[in-house]
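Asker: Take a look at the letters that make up each chain.
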Amino acid sequence: MDLRFTDEEIAFREEVRAFFRDHLPDDIREKLVDGEHIAKEDMVRWTHILNEKGWAVPHWPVEHGGTGWDPMRQYIFLEELQKTPAPSPLPFGVNMVGPVIYTFGNEAQKKQFLPRIANLDDWWCQGFSEPGAGSDLASLKTRAIRDGDHYIVNGQKTWTTLAQYADWIFCLVRTSTEGKKQEGISFLLIDMKTPGIDIRPIQTIDGGLEVNEVFLTDVRVPVENLVGEENKGWDYAKFLLGNERTNIARVGMSKQRVRRIRELAAVEMSSGRPLLEDPQFLQKLASVEIDLKALELTQLRVVSAEAKRGNTGKPDPASSVLKIKGSQIQQATTHLLMQVMGPHAMPFHVHDMEGANEPPIEPDYAGAAAPAYFNTRKVSIYGGSNEIQKNIIAKAVLGF
Amino acid sequence: MDFDLTEEQSILKDSLNRLLADTYGFEQRRKHMGSPEGWSGEMWGRYGEMGLMALPFSEADGGLGGSSVETMIVMEAMGRALVLEPYFSTVVLGGSMLRFGASEDQRAEYIPQVAEGALKLALAYTERNSRYELHNVETVAQKDGDGWVLTGAKSVVLDGDSADWIFVTARSAGGTRDADGIGIFMVDAKADGLSRRGYVMQDGRRGAELRLDKVRAAAIGEPENGLPLLCRVVDAGIAALCAEAIGTMDVMRELTVDYLKTRKQFGVPIGAFQVLQHAAVDMFVATEQARSLAIYATMMADSEDAAERGRAMHAAKAEIGRAGKLVGENAIQLHGGVGMTMEYAIGHYFKRMSMIDIALGDHEHHLRTLAEKGGLVDA
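If you read the protein sequences in the order shown, they are chains A and B. Per my numbering, the first sequence starts with residue 958, numbered consecutively. Per my numbering, the second sequence starts with residue 213, numbered consecutively.
I should point out that these hints are in silico values taken from the structure, not numbers from a laboratory. It cannot be assumed that every hint is accurate.
Unchecked claim - For lysine-lysine, the following PhoX-like pairs were computed, each having C-alpha atoms within a straight-line distance of at most 25 Å: (1) Lys1241/A / Lys585/B; (2) Lys1138/A / Lys1189/A; (3) Lys1265/A / Lys225/B.
Said to hold, decoys possible - Covered stretches of chain B, going by a simulated chain A footprint (3 or more residues, C-beta under 8 Å): (4) 482 to 490; (5) 495 to 501; (6) 507 to 518; (7) 576 to 582.
What the hints assert, rightly or not - Covered stretches of chain A, as calculated for chain B (at least 3 residues, CB under 8 Å): (8) 1275 to 1286; (9) 1335 to 1349.
We put the beta carbon where it would ideally sit given N, CA and C, even for glycine.
Just chain A, with the same shape it has in the complex:
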């Protein structure tokens, strides 16, 4: 047992940190520090920088542009990325559909899509949830009916993050109503320019316009856009959802936020002294820091077991803890950040969503605190709500 990083890992961390320091554009970094949303153009710009370095899709197989880093280096890379803070690669392409395509797709699909995902030439969005299929995803109803060389798709997807920017959507669609509901699902890649696709934005409680409803009406999708086999889509979806273990805890992001809380609490006054000198506040913060340290080590236990065993086996039972604790800590830190701002958290600047606060309502870093708190409620809901995570642990770990 030895919790030290190797010299090579320490050097690697330095290399990654230096690259982010030297190559992340200041304007993007400032937006993230202030907790603001970044624009599509920012994301594209940053992805090009990463891709030029060969770091846009580090965990992919080397033949598709991956780095060949071991799990510990993957983890260090993501932690440093989040601590900088730099934008995480767009998950829908890099973490979700990309691995599905290189694992289950055919050669033509790999060739067509993978390089364009790595360079963010294609912006992908995720068509899984439906109004009647949330936690019970397999009950989805969007139909795809074969018509010659095409599927005709009809239905509705929802909670589709950043669909307004998307060039492509990967969809779970029902191709059969026979047998168990999981057995009639297929995984389709759909060009967003296809006639019959309509997007309606959903404004979230923070004022943001991240998520959308996507309506599909007689959308004609070429059969070559089917991934893998018809009616095997549920297997690919499970693969996709189980694929994100090294990122889901967001340890680096929460570390960055704790650092920000300390910075701002040293400036914001409370009872005639900086809030950072208030014992009650400090205890609350220390409590979150303890939780975060524990999560970091839990994450490292998982990563280290994965490094030893390879990525093939059953995940470490501790990995199921990551989503639950990771989301709780993200929520605790955004709440603390709002508390740091005190009354200055109250004004609602609608323009903050586009990164502008002109003329500034003072202090200008306060405007994003409450929206970040509101927005972060989502992290215990998406990707399988925490209650679903508990069902998974109850079944898979405790044997109920």
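Keeping the supplied structure of chain A fixed, place chain B upon it in accordance with the hints.
Answerer: Same frame as chain A, now just chain B:
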């Protein structure tokens, strides 16, 4: 980074768990508790045969040269079995005092005896008004020739009734809460002027009150600057207690999950109910997070950096207290009425867990101290 045990460490873990599974069942433990000492001399001998007493001492001092990982393994196994014998007091607290504070002569005299199980030790630092502060010391030490005489009183000395030698903190200079002027002194349990009153504690372990009236003692380390040594020893104790707590929490979860799968109401095992499953999952999540920090504490226990080591211990002990309370209270709740009975194991685990929180500083104490020291600022 490596979280795995070596082959030797795995063997130690397996053989101790096997020994305790065979010899430390509920009824056997109850018998040990009912003996005059409140624990089993026979088991003490078995631990000695296994080499557990010699584990943490260097080979040069007559030990086996184990690290804090070996101590973690032993304590976790003892936490699983709710072991009553004074291993923690003798080998972890007392042993750390000898390892980190004793002179060469003192080490040569005492360590071999401890290592073979012939000597039992205890640490007396708590006083009536000190609560968890290590530097809050009213007991007085006065120089007397080449030794010292101690006068005062100590409370809740874990295993203080059976110890052969007791490490006693006393003030050689300064005011009650001064960090300077504290010494640690080694007191012979048979010394004139020392009176002990032993008692049983909530978790079935033994404690004692000490009264010291001009008791002659030898100093361990620097008699006017003993606080850093005391901190170091308590840090080693915290890491060990965290490991013990993990063993205790694991068993509480296992017993509870088993119970949920067997107890039937409304015609089904009550584990079929989601609300109960989720309560069990909360126990699992809390234990895994606590395990991570117990491992962290173990690795930091050997660190020479007192500030960093201290922060790690505050974090770990605070987390253990928080997690242990959740796991213990859920365990009782999910067992229902049967969890309230002395005849059932779970309540005894819950009681031990509750006392682990209090021992060496509770959740609130360590959280507050960590906050005062600037939190866990990440590099």
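Asker: Against each hint, give a clear statement of whether it holds in the structure.
Answerer: So, going through the hints one by one against the coordinates:
1. Lys1241/A / Lys585/B: holds, 14 Å
2. Lys1138/A / Lys1189/A: The given pair, whose Cα atoms are some 11 Å apart, holds under the 25 Å limit.
3. Lys1265/A / Lys225/B: holds, 21 Å
4. 482 to 490: As far as the segment 482 to 490 of chain B goes, the hint holds, because 5 residues have Cβ atoms under 8 Å from chain A.
5. 495 to 501: n = 4 at 8 Å, threshold three: holds.
6. 507 to 518: Contact hint for the segment 507 to 518 of chain B vs chain A: holds, 4 residues under 8 Å.
7. 576 to 582: holds (count 3)
8. 1275 to 1286: Contact hint for the segment 1275 to 1286 of chain A vs chain B: holds, 4 residues under 8 Å.
9. 1335 to 1349: The restraint on the segment 1335 to 1349 of chain A holds, since 3 of its residues have a Cβ under 8 Å from chain B and three suffice.
Checked against the numbered hints above, the structure violates none of them.
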